[in-house]
Structures are given as structure tokens and as C-alpha cells.
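The task is simple: from the sequences and hints, build the whole structure.
Chain order of the listed sequences is A and B.
Just so you know, the numbering used here puts 17 at position 17 of the first sequence, and the rest follows in order with no gaps.
Heads up, the numbering used here is the position in the second sequence plus 88, with the first residue counted as 1.
Read the hints as simulated data drawn from the structure, not as lab findings.
Remember, it's a predicted structure, so these values are computed and weren't measured experimentally.
Incorrect hints may appear among the rest.
[Claimed, not checked] Here are some, though not all, of the chain A residues that point toward chain B, as calculated from beta-carbon distances under 8 Å:
{"no.": "1", "residue": "Ser15"}
{"no.": "2", "residue": "His16"}
{"no.": "3", "residue": "Arg19"}
{"no.": "4", "residue": "Asn20"}
{"no.": "5", "residue": "Leu22"}
{"no.": "6", "residue": "Ala23"}
{"no.": "7", "residue": "Cys24"}
{"no.": "8", "residue": "His26"}
{"no.": "9", "residue": "Phe28"}
{"no.": "10", "residue": "Asn30"}
{"no.": "11", "residue": "Leu36"}
{"no.": "12", "residue": "Gly38"}
{"no.": "13", "residue": "Arg59"}
[Said to hold, decoys possible] Ranges of calculated distance between the beta carbons of each label pair, as one might list FRET restraints:
{"no.": "14", "chain 1": "B", "residue 1": "Arg132", "chain 2": "A", "residue 2": "Ile50", "range": "38 to 48 Å"}
{"no.": "15", "chain 1": "A", "residue 1": "Gly35", "chain 2": "B", "residue 2": "Ile160", "range": "36 to 46 Å"}
{"no.": "16", "chain 1": "A", "residue 1": "Gly49", "chain 2": "B", "residue 2": "Ile160", "range": "36 to 46 Å"}
{"no.": "17", "chain 1": "A", "residue 1": "Ser64", "chain 2": "B", "residue 2": "Ala199", "range": "14 to 24 Å"}
For every residue, glycine included, the Cβ atom is placed at its ideal position computed from N, Cα and C.
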Amino acid sequence: MTEPTRRTSELAALSHELRNALACIHQFGNILIDGLAGELSGEQREYIGIMLENASKIRRVLDSALDGAPEPIEKCLNKIERASGRET
Amino acid sequence: MASRKILIVDDNADIRLGMHLRLKANQYETFFAADAFSGVAEARKQRPDLIILDLGLPAGDGFTVMERLRQIPFLAVIPVIVVSARDGLGNQKRAYEAGAKAFLQKPVNDAELLAVIRQALGEPAGTNKPTLQGQGSV
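Pasting the structure below:
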């Protein structure tokens, strides 16, 4: 396997793992916020909303920096770092 | 009207549980499989109205499942919605070629998933179900 191919494969695996974890965060966050596991207080809903919004930020970083990007991991990590910096 | 039956094929137990809770709240009956082999076996047994299929599975993959389903006439007509964490570039095209009705990339928006399910099942878009969507900010 060539080096670029290996890196692309590693990125795809990384993206896959992150997307599955994010999917769970979104699924269960929305289940809670919709009251499927019982009613929440306004404050509880607000906090889960913050959690979901931040999970969405991670997803946006993932969409822009990782998927389909046949470039070195260092470049992608720099992008993520820059994107994270802008979000804060 | 009787609940429509949906088979969820995904090797991630948390994803299966989350989808089950969301679909159950929308009056769908759910069944599960955690690998490609069981996915086909469960489809034979339950004869679901729709299948939600992950691509990365043990004992084959989602494409293997779709290939097997297409070989069995009474299963070939079941609509399949692919919900995968794999990249959407090559996999989406391949999934449609394999017969999928839709390709959604994880994490999915609940409202979008439910809309696609309803469309695939031929249900009216405005079906009034109590928990159509979550925050929808995926």
C-alpha cells in the first residue's frame, strides 16, 4: 500500500469511528430532548441543547476537514485545530 | 392500521437502541440484526416493510446484504435505506446501484430519516406522529 493510500484509508477509518460516536450522541440527545425518556426541566433541555450544538460543531469540522480528503493527516489535523480555534 | 415493521441492521448496539426508541415513538415495530448474515436471516423471518442497513458489518457488509436480498423475490421488493458512517462519495453511488432507496450518512437527522422512511413506505408526508423530530441540528 502506498503512503497516500494508507493515509486516506486511516482518515476514512477515523471518520467512520467519529461519525458512529456522533450518531449516538445525537440520537440519545434528541431522544432526551423530545421527552422520550421522560419529561425534562427547561434547564435540562437547555444543557442538552448545548451538548447537541457542540456535537454539531464537531460534525461540521469532520465534514470540512476529513471526509474525502486524500491529504496527509498532519494537514487535516491542522485544519481541525484551526477550525476549533475559530469556534471558541 | 397495524404497525409497519422495520428491520434495523447495524453492528452498533447503541445505534440500534437509539433508532428503536425513535421509531417506536413513531409507531413503527422494530427488529434487529447485528451482522450481514443475521440481517438476511431476520429479513426472511420477519418480512419487514423496510430495512435500515449499515454498510460496515461483520460477516459480510451492507452490500452483501443487498445482493442477497435481491436474489430472493419476496425480499427483493423491500425498500432499503442505507445509514452509514462511511464516506458518501463512492459508497452512495454504489448503494443506489445495489438497490438502496436512500443513502444517509451518520449522524443522521431524525426528521430526515423519518421523512425518508415515510416516503419509502408510501406514507403521506404529513402523517401526524407525535415525535417527528429532535432538535434537528445534526
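Hint check results:
no., hint, in the structure
1, Ser15, "7 Å, holds"
2, His16, "5 Å, holds"
3, Arg19, "4 Å, holds"
4, Asn20, "5 Å, holds"
5, Leu22, "5 Å, holds"
6, Ala23, "4 Å, holds"
7, Cys24, "5 Å, holds"
8, His26, "4 Å, holds"
9, Phe28, "6 Å, holds"
10, Asn30, "2 Å, holds"
11, Leu36, "5 Å, holds"
12, Gly38, "12 Å, violated"
13, Arg59, "6 Å, holds"
14, Arg132(B) <-> Ile50(A): 38 to 48 Å, "45 Å, holds"
15, Gly35(A) <-> Ile160(B): 36 to 46 Å, "40 Å, holds"
16, Gly49(A) <-> Ile160(B): 36 to 46 Å, "45 Å, holds"
17, Ser64(A) <-> Ala199(B): 14 to 24 Å, "23 Å, holds"
The earlier numbered hint that this structure contradicts is number 12, and it is the only one.
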